[in-house]
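J.: Sequence order for the protein chains is A and B.
Letter 264 of the first sequence, counting from 1, is numbered 264 in the numbering used here, and no numbers are missing.
Letter 126 of the second sequence, counting from 1, is numbered 126 in the numbering used here, and no numbers are missing.
Heads up, none of these hints are tricks.
Pairs of lysine-lysine, DSS-like flavour, derived with a Cα cap of 25 Å: (1) Lys165(B) / Lys141(B); (2) Lys4(A) / Lys165(B); (3) Lys70(B) / Lys134(A); (4) Lys63(B) / Lys134(A); (5) Lys6(A) / Lys165(B); (6) Lys63(B) / Lys129(A); (7) Lys165(B) / Lys2(A).
These are calculated hints, taken from the structure and not from any lab test.
Keep in mind the model is a prediction, meaning the values are calculated, not measured.
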Amino acid sequence: MKHKGKFGEFGGYYVPELLIPPLEDIEQAFYQYKDDKDFVAELSNLYADYAGRPTPLYFAERFSEYVGYNVYVKREDLLHGGAHKVNNTLGQCLLAKYMGKKKIIAETGAGQHGLATAMTGALLGMETKIFMGKIDVERQSVNVHKMRLCGAEVIPVAGGTGTLKDAINEALRYWTANVEDTFYVFGSVCGPHPFPTVVKHFQSPIGTEARAQCMEKLGKLPDMVTACVGGGSNSIGLFSAFVADESVRIVGVEPAGKGLATDQHAASLAAGRVGVFHGSKSYLLQDDEGQVHETECVSAGLDYPAVGPEHCHLKDSGRAEYVTVTDEQVLDAFETFTRTEGILPALESSHAIAHLIALKGKLAAETNVVLNLSGRGDKDVGIVETYRPLA
Amino acid sequence: MTTYKQIFEKLDSAALIPFFVIGDPNYDSSLKIVKSALDAGADILELGIPFSDPIADGPTIQKANIRARKSGMTVEKALAFIKEVTSHKPVPVGLLVYYNLIYQYGVERFMADFKAAGGTSVLVADVSIDDSEEIAGPAQKAGLETVFMVTPNTPDHRMASIASKTTGFVYTVSTMGVTGARTKLSDTVASLVERIKGVSEVPVCVGFGISSPEQARRVADAGADGVIVGSRIVQIIEDNADSVEDACAGVGQFIADVKSRLNG
Numbered sequence: 001m002k003h004k005g006k007f008g009e010f011g012g013y014y015v016p017e018l019l020i021p022p023l024e025d026i027e028q029a030f031y032q033y034k035d036d037k038d039f040v041a042e043l044s045n046l047y048a049d050y051a052g053r054p055t056p057l058y059f060a061e062r063f064s065e066y067v068g069y070n071v072y073v074k075r076e077d078l079l080h081g082g083a084h085k086v087n088n089t090l091g092q093c094l095l096a097k098y099m100g101k102k103k104i105i106a107e108t109g110a111g112q113h114g115l116a117t118a119m120t121g122a123l124l125g126m127e128t129k130i131f132m133g134k135i136d137v138e139r140q141s142v143n144v145h146k147m148r149l150c151g152a153e154v155i156p157v158a159g160g161t162g163t164l165k166d167a168i169n170e171a172l173r174y175w176t177a178n179v180e181d182t183f184y185v186f187g188s189v190c191g192p193h194p195f196p197t198v199v200k201h202f203q204s205p206i207g208t209e210a211r212a213q214c215m216e217k218l219g220k221l222p223d224m225v226t227a228c229v230g231g232g233s234n235s236i237g238l239f240s241a242f243v244a245d246e247s248v249r250i251v252g253v254e255p256a257g258k259g260l261a262t263d264q265h266a267a268s269l270a271a272g273r274v275g276v277f278h279g280s281k282s283y284l285l286q287d288d289e290g291q292v293h294e295t296e297c298v299s300a301g302l303d304y305p306a307v308g309p310e311h312c313h314l315k316d317s318g319r320a321e322y323v324t325v326t327d328e329q330v331l332d333a334f335e336t337f338t339r340t341e342g343i344l345p346a347l348e349s350s351h352a353i354a355h356l357i358a359l360k361g362k363l364a365a366e367t368n369v370v371l372n373l374s375g376r377g378d379k380d381v382g383i384v385e386t387y388r389p390l391a
Numbered sequence: 001m002t003t004y005k006q007i008f009e010k011l012d013s014a015a016l017i018p019f020f021v022i023g024d025p026n027y028d029s030s031l032k033i034v035k036s037a038l039d040a041g042a043d044i045l046e047l048g049i050p051f052s053d054p055i056a057d058g059p060t061i062q063k064a065n066i067r068a069r070k071s072g073m074t075v076e077k078a079l080a081f082i083k084e085v086t087s088h089k090p091v092p093v094g095l096l097v098y099y100n101l102i103y104q105y106g107v108e109r110f111m112a113d114f115k116a117a118g119g120t121s122v123l124v125a126d127v128s129i130d131d132s133e134e135i136a137g138p139a140q141k142a143g144l145e146t147v148f149m150v151t152p153n154t155p156d157h158r159m160a161s162i163a164s165k166t167t168g169f170v171y172t173v174s175t176m177g178v179t180g181a182r183t184k185l186s187d188t189v190a191s192l193v194e195r196i197k198g199v200s201e202v203p204v205c206v207g208f209g210i211s212s213p214e215q216a217r218r219v220a221d222a223g224a225d226g227v228i229v230g231s232r233i234v235q236i237i238e239d240n241a242d243s244v245e246d247a248c249a250g251v252g253q254f255i256a257d258v259k260s261r262l263n264g
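Using the sequences and the accompanying hints, generate a full structural model.
T.: Structure (structure tokens):
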């Protein structure tokens, strides 16, 4: 491998030997094509005409009135498929095509990455397999149906907790046996190098656009940018454009589930310890022995015991702050945002919204905050109904 | 303690190396089963400490990991287990472990404790030669051999590098994929063994997918110094989960059959 893929002490590629050559191939192809004129032109066209980039930066007036400061919303929920995930799948699947691969696999939690991969697989004519925890197949059945309609094979994973971590385990195992003709479209800025770097690159338009839109609308940088953090791809996409701007507060919001005092959460940065998992060194929820914890969170997309290595580095270096919100706060935020703006936010994004509500009364009225609305909440209506049935 | 070199030089045929998940299905039964394998003629042991997310393993060994963890197996207990095994018969013991377990224990402390328990070599499934300094230094300091994997898709330049960092034996993965018994042995085993022997004098042991005495013999005929059999043995334990006596008998008989085929 040309690069170590390290962010401070985090990252790397801790994988069985069988996976080193295919990861080297992806690394080599990524650096060969990421700035290649033809590749960039084709991807830019897909971003614009297929996915719907650039997404607007929308001033959420009524929600701003509610919290008492200015909230600008980066509308990744308006992308094709309803989430930021398509940025990454278009980039990686196009890379796979340039590498001559005809088959792709992916893992998914909430189904958004699976759906984006299935859509992109259909678009590019690639055979697609999606690994998904059995519990997530049940709680995200609409997305499963959509993936199948796109022609993807959805493989339910029963082992372990039946959630995202087990889907990744199984996808890695499948890839090990099929590296010759199959490209693994990793869904977040986790996993072994080069995935954290590749996924960040393909999600970076979120931040690049948001930064330019702030300069245009506000005439200056925002005071704060914020997004939810599970694996951390939408947040890194946003944060990446502001890391060098010392005046901009960077705040990631993790899922505290039923509370950090319980073991039913998925807040790796807040409550984890450094460990090695799924090919990467990062903060990890684990027991004293190093066995990986089960996680729990109202949002399937954040139900993961580790976090991207760059977030770990941003935390340890002090450049970014990471906070947590509980499931109850998230459900409140979902309702509040929907009622003030007429926009259903994904439960993942509702974590960041919940933190903005928690900051009510704590920020000056002239403060400008950019919130990344990573996805739309249509997929979560059933879950919300379960927790908060309408009278 | 007998070293790998001594074992390979002494044997007329390829060494038989059964793999067990420590504590499968529980500490006491696992100890009896492993002892029965030693009594039936196993030359070297390959032991795994159960982990929650064993990504290099197929369903059979994954289930063994779950059984062992459910029965309360821990890293400390695994080290005690190894001590009991090596007290029973002083064979070399290779350990196959996932990195996070020894990272949390403390790599140097782990290597020292494993050596003290009678261990011979360590293979960390998810640490490649590129990060070998994280384990090779502490292993050598503790007096342990290091084992790294070579796979069918390992390019030549990497193969030489892997061999140069390996002191025990090169663990050669016979086929693309995770662990698991397979009905057909890969046709590429012989050429893979030949490629490694062309760049290294370190002994070569072949594992992954070997499930019958005939397949073991074919691997030996391909020039391997040792044959590692895992999932087939773990399956015998699963099939006899209700009776440790039957599991011991089944494993013992299989070991004897493979040993006989390797010698014959």
